[in-house]
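A.B. asks: Please build the complete structure, drawing on both the sequences and the hints.
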Amino acid sequence: MRVLLISPPVASSLRADMSDLFEKESGLYPPLGLLYLAARLLEEGRHQVKVLDGPALGASHEAIEQEIREFRPQVVGILALTFHLLDSLAVAERAKRVDPEIHVCLGGPHVYLYPRETLGFPFVDSLVLGEGEVTFPALLSALEAGKALDGVKGLAFRRGGEVILTEPRPLIEELDSLPFPARQLIPYRRYYSVLGKEGLMTTMITSRGCPFSCIYCGRFHIGKRFRARSAQNVVDEMEACVGMGIGELQVFDDIFTLDKRRALAVCQEVVRRGLKVSWAIRSRVDTVDRELLDGLSRAGCRRISYGVEAGSDEILKNLKKGITTRQAEDAVRMAQEMGLTVLADFMLGSPGEQREHVLRTIDFALKLKPDFAQFTVTTPYPATELYLEGLRRGVIARDYWQEFAQNPGEDFVTPFWNEHLSREELLELFRLAYRRFYLRPSYILRRFRRMGSWKEFANTARAGMRVFRVANRPGGAGR
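In this note's numbering, the protein residues as written are 1 to 479.
Quick caveat, the hints were computed from the structure, so don't treat them as lab data. Be careful, since some hints might not be right.
As the list claims (entries may be wrong) - Below, a list of computed lysine-lysine pairs in the DSSO-like style, where the Cα atoms sit at most 27 angstroms apart:
| # | residue 1 | residue 2 |
| --- | --- | --- |
| 1 | K320 | K260 |
| 2 | K317 | K224 |
| 3 | K224 | K320 |
| 4 | K224 | K260 |
Said to hold, decoys possible - Across the chosen pairs, the derived CB separations fall in these ranges:
| # | residue 1 | residue 2 | range |
| --- | --- | --- | --- |
| 5 | G199 | G151 | 42 to 48 angstroms |
| 6 | V242 | G151 | 21 to 27 angstroms |
| 7 | R190 | L391 | 40 to 46 angstroms |
Glycine residues also receive a C-beta, built at the ideal position from the N, C-alpha and C atoms.
C.D. replies: As structure tokens, then:
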């Protein structure tokens, strides 16, 4: 079959009245989920597959429609994220406008949470619920054979006016069985990270699932159970990326260091092969020690990201984070002693937080001295424990995410958690956090002394100017 997989252009992203500091300026990343699907279809050997990454191509919706006309696909698969739902639906509608016989299938976190609402749009034919590497090829096989879709696990579709949800598909246990993402189908030289130093960059995933219970997390579609690829398989993919001329890898696992033995095995295999590649990981402060951090550093890992979230153990308990501020201090210090750059994430305005708590978090960020800090205003995402708690307690007056899923509009502004602080107060504290952290003369001098390349200098300067504009913007921080 002729299959077109699309990551939509970002033209109608939801507004949160915050800066887009870490949206456009953070970098451009490949659509790994679509690339995994493409690789699986190519592996089957009977499909003609094309991937369109709208953001990387700088494509408009009109340009995407023209691509659909020229490629003449039988099936169009579209990535659907809640924050970019309007763009996903716009692409789906244009596909049907080109040819009503095209089967339009959406997949991603949004449709997993809101299948009935999404199938309420007449230009959407089916949804992949959860991991798609087995379900999507099974859908194509059923369509080719003219079979009913009831037998395809992990699918939602519309029959007449009725929405059908088939039996859930079990999570993929053997991640090593999946082919590497089909990066050759995208303009892979265009991707970058603002924290990158030099060379080409891509992303990869070495595990799926997170067993922790943070109340703000919404990673339902990949499950809580931790499933990991073998060290051999991971480094094989790293080596393949290096063979494409890629020199930097962003590992987008929720927690790369959850299984210490496996993480060390990856490091040892990188060293054994003499692989020259710079990489970065996401971690938790309670899953690292000196041995692991030393192994990461020796294997070329240059940056580690920690979700610190708050400067108070009381607030961390409210978030069910399962860590302490002392653990955060130890993890940041040890990583920097091993030569790793540290990015720390913080949330402002979480449950139980009043102004003094937020100021304590900002103070704690300064005390920790990470190389980079990212501040966000706490936002209840769909179906998370935080969102459900807000509805139960009346902090959230109505189920606005369900309303948006059913009737999305460009005027929707993503609400913050405003238990004790107003939207205006939270935005003021958000700007204060960036001013206090990034506009310190000592910090600016330290960063420029550590510049390792002209690319790093340019990236840092660009991000720095954005921080300055956001931190000194009067009034709301919306676009």
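A.B. asks: Indicate, hint by hint, whether the structure satisfies it.
C.D. replies: Against the structure, the hints:
{"no.": "1", "hint": "K320 - K260", "in the structure": "holds, 22 angstroms"}
{"no.": "2", "hint": "K317 - K224", "in the structure": "holds, 20 angstroms"}
{"no.": "3", "hint": "K224 - K320", "in the structure": "holds, 15 angstroms"}
{"no.": "4", "hint": "K224 - K260", "in the structure": "holds, 18 angstroms"}
{"no.": "5", "hint": "G199 - G151: 42 to 48 angstroms", "in the structure": "holds, 46 angstroms"}
{"no.": "6", "hint": "V242 - G151: 21 to 27 angstroms", "in the structure": "violated, 42 angstroms"}
{"no.": "7", "hint": "R190 - L391: 40 to 46 angstroms", "in the structure": "holds, 41 angstroms"}
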